[in-house]
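Below, each chain spelled out in residue letters.
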Amino acid sequence: KAGVTQTPRYLIKTRGQQVTLSCSPISGHRSVSWYQQTPGQGLQFLFEYFSETQRNKGNFPGRFSGRQFSNSRSEMNVSTLELGDSALYLCASSFESASTGNTIYFGEGSWLTVV
Amino acid sequence: AQSVTQLGSHVSVSEGALVLLRCNYSSSVPPYLFWYVQYPNQGLQLLLKYTSAATLVKGINGFEAEFKKSETSFHLTKPSAHMSDAAEYFCAVSAKGGSQGNLIFGKGTKLSVKP
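So the protein lines, in turn, are chains U and Y. The first sequence begins at 670 in the numbering used here and counts up one residue at a time. The second sequence begins at 958 in the numbering used here and counts up one residue at a time.
Hints should not be assumed to be uniformly reliable.
A few chain Y residues that face chain U, going by a derived Cβ cut-off under 10 Å, partial list only [claimed, not checked]:
1) 960
2) 962
3) 964
4) 967
5) 970
6) 973
7) 991
8) 993
9) 995
10) 1000
11) 1060
12) 1062
13) 1064
14) 1069
15) 1070
16) 1072
Residues from chain Y shown here face chain U by an in silico Cβ test under 10 Å; the list is partial [as the list claims (entries may be wrong)]:
17) 974
18) 998
19) 1018
20) 1020
21) 1049
22) 1051
23) 1061
24) 1065
Note that these hints are calculated values from the structure, not bench results. Ideal Cβ positions, reconstructed from N, Cα and C, are used throughout, including at glycine.
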């Protein structure tokens, strides 16, 4: 079974630009979450989607947005990039089970550098 | 509200020695607890998870963790460290019965293994 796939793996953007990151979850998984990882703040939850609906949102400004498609693939977008947006962006997917709980699988991440 | 505290941002052990990485959690509802490992320039890999089925949880690569409700702890151990265990380890919590794509992570503990 293929794992969580994120593209692109590495990218460099200029301040003020926007960026779109893509995530393909494990087949059959309907929940997709996004996290930002930085040396200073650690791993922080951005948002979660389930069946094309945003179910949870972390404490990030409106410049950060996302969406999920009917095939469960997800994208996140960051507009008006700032230097502080430089980070590893991780996508995670899970197959929800109320009785056993989720096992949440992470992709390898997209490294974003803003210059 | 939930939170996770990992004691010790850096832990160094000798090869063959016991590995003990500490994690304390705070949760107002019964938690799901996770340990993830991150190797350099990679995403997060699940080591093990606690979902209340058993308090002693065995994971991959010889790691295990014990859920102690009275101590609100979920420490990670491995009897004998191997050089390949050098990585960063993250403890995380999510709410049972709630949205489980939203993981709250600790700050991480970097494990170094000396030959």
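So, as I understand it, the hint says residue 1062(Y) touches chain U; can you test that by seeing if any CB pair is closer than 10 Å? 4 Å, holds
Have a go at the residue 1061(Y) hint: is there a Cβ in chain U nearer than 10 Å to its own Cβ? 7 Å, holds
When the nearest CB of chain U is found for residue 1000(Y), is that gap smaller than 10 Å? 4 Å, holds
Restraint check, 10 Å cut-off on beta carbons, for residue 1064(Y) near chain U: Because about 5 Å separates residue 1064(Y) from the closest Cβ in chain U, which is inside the 10 Å limit, the hint holds.
Using Cβ atoms only, decide whether residue 964(Y) comes closer than 10 Å to chain U, and label the hint accordingly. 15 Å, violated
Supplied contact hint for residue 995(Y), tested at 10 Å Cβ to chain U: 9 Å, holds
Take the shortest C-beta to C-beta distance between residue 1070(Y) and chain U; is it under 10 Å? At 22 Å from the nearest chain U Cβ, residue 1070(Y) fails the 10 Å test, so the hint is violated.
Using Cβ atoms only, decide whether residue 1051(Y) comes closer than 10 Å to chain U, and label the hint accordingly. 7 Å, holds
With 10 Å as the cut and Cβ atoms as the points, is residue 998(Y) at the interface with chain U? With a minimum Cβ separation of about 8 Å from chain U (threshold 10 Å), the hint on residue 998(Y) holds.
Does the CB of residue 967(Y) sit less than 10 Å away from some CB of chain U? Where the cut-off is 10 Å and the nearest Cβ of chain U is about 14 Å from residue 967(Y), the hint is violated.
Answer holds if the nearest beta-carbon of chain U is closer than 10 Å to that of residue 960(Y); otherwise answer violated. 12 Å, violated
Have a go at the residue 1049(Y) hint: is there a Cβ in chain U nearer than 10 Å to its own Cβ? 8 Å, holds
Hint compliance for this structure: hints 1, 2, 3, 4, 5, 6, 14, 15, 16, 17, 19, 20 are broken, all remaining hints hold.
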